[in-house]
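Note that the sequence shown covers residues 836 to 1051 in the working numbering.
Just so you know, the hints here were simulated from the structure itself, not pulled from any lab data.
Each computed SDA-like pair below joins lysine to any residue, with the alpha-carbon atoms no more than 25 Å apart:
{"no.": "1", "residue 1": "Lys1026", "residue 2": "Val1002"}
{"no.": "2", "residue 1": "Lys997", "residue 2": "Ile1035"}
{"no.": "3", "residue 1": "Lys900", "residue 2": "His883"}
{"no.": "4", "residue 1": "Lys900", "residue 2": "Pro920"}
{"no.": "5", "residue 1": "Lys950", "residue 2": "Asp1023"}
{"no.": "6", "residue 1": "Lys1016", "residue 2": "Asp1047"}
{"no.": "7", "residue 1": "Lys1006", "residue 2": "Tyr875"}
{"no.": "8", "residue 1": "Lys947", "residue 2": "Glu906"}
{"no.": "9", "residue 1": "Lys947", "residue 2": "Ala908"}
{"no.": "10", "residue 1": "Lys947", "residue 2": "Asp982"}
{"no.": "11", "residue 1": "Lys950", "residue 2": "Asp986"}
{"no.": "12", "residue 1": "Lys900", "residue 2": "Ala944"}
{"no.": "13", "residue 1": "Lys950", "residue 2": "His889"}
{"no.": "14", "residue 1": "Lys997", "residue 2": "Ile949"}
{"no.": "15", "residue 1": "Lys950", "residue 2": "Ile907"}
{"no.": "16", "residue 1": "Lys1006", "residue 2": "Leu1027"}
{"no.": "17", "residue 1": "Lys947", "residue 2": "Gly905"}
{"no.": "18", "residue 1": "Lys1006", "residue 2": "Ala1048"}
{"no.": "19", "residue 1": "Lys950", "residue 2": "Val1002"}
{"no.": "20", "residue 1": "Lys1016", "residue 2": "Thr991"}
{"no.": "21", "residue 1": "Lys1026", "residue 2": "Ala993"}
{"no.": "22", "residue 1": "Lys947", "residue 2": "Arg931"}
{"no.": "23", "residue 1": "Lys900", "residue 2": "Tyr859"}
{"no.": "24", "residue 1": "Lys1016", "residue 2": "Asp1004"}
{"no.": "25", "residue 1": "Lys997", "residue 2": "Gly1007"}
{"no.": "26", "residue 1": "Lys1016", "residue 2": "Ile1035"}
{"no.": "27", "residue 1": "Lys997", "residue 2": "Glu948"}
{"no.": "28", "residue 1": "Lys1026", "residue 2": "Thr985"}
Computed Cβ-Cβ distance ranges for the label pairs, DEER-style:
{"no.": "29", "residue 1": "Trp1033", "residue 2": "Trp873", "range": "21 to 31 Å"}
{"no.": "30", "residue 1": "Glu948", "residue 2": "Ala993", "range": "17 to 27 Å"}
{"no.": "31", "residue 1": "Arg974", "residue 2": "Lys900", "range": "36 to 46 Å"}
{"no.": "32", "residue 1": "Ala987", "residue 2": "Ser1028", "range": "14 to 24 Å"}
Treat the numbers as computed from the prediction; the structure is a model and nothing was measured. The beta-carbon is built from N, C-alpha and C at its ideal position, and this holds for glycine as well.
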Amino acid sequence: MRFTTLIAALLLPCATHAYASPQYRIAHEVSLPGDEGWDYLALEPGGHRLFIAHGTRVLVVDTDKLAVAGEIADTPGVHGIALAPDLGRGYISAGRAGLVVVFDLHTLARLKEIKTTGENPDAILYDAASQRVFTFNGRGRNATAVDARTDAVIGTIALDAKPEFAVADGKGRIYVNLEDKSSLAVIDPRKLSVISVWPISGCQEPSGLALDAAGG
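Using the sequences plus the hints, can you model the full thing?
Structure follows, in structure tokens:
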């Protein structure tokens, strides 16, 4: 069995006198099994586990012990992981299968599968304000909305573009990159509608996205 070493998530700042900004050093390394591809990471809020999309499974790393603590298997073409700690559940986008895999956040047991309304679910997030899960479907050029309390599909949001990564601000807005239109769409998670689309000048094929909710 092949192993890959996880180092990127374990970097620590190292202050020096020579530079105004902190420098970084590798603090620890964790060997992860398998040589399949990688995608998104999800750090458990208030917990000590890192969920890692890896080929056809999700690896779970204990960030205190710096060791693999478990895995959720049979998630073909896994892209992302959304965590809903208030509901004790997690959600995985299995792109090749066109599914959301629901699992128990405490035991990692697989609970059910939900068919998405568009092909190749990629990014996935949980919006705590509405208690809804959203998948952003690359080939489907849309988003699927799921009621996290019932795990029922409650709607589809047409995007007319290829969505990439998405973030929620917890205050009633979701932001998603539209990769093939070099734009950012703003979504109302309760009305399941696109509020606005903002062009991103000078940014071709936007992919990654982060939000500083505390800093506004």
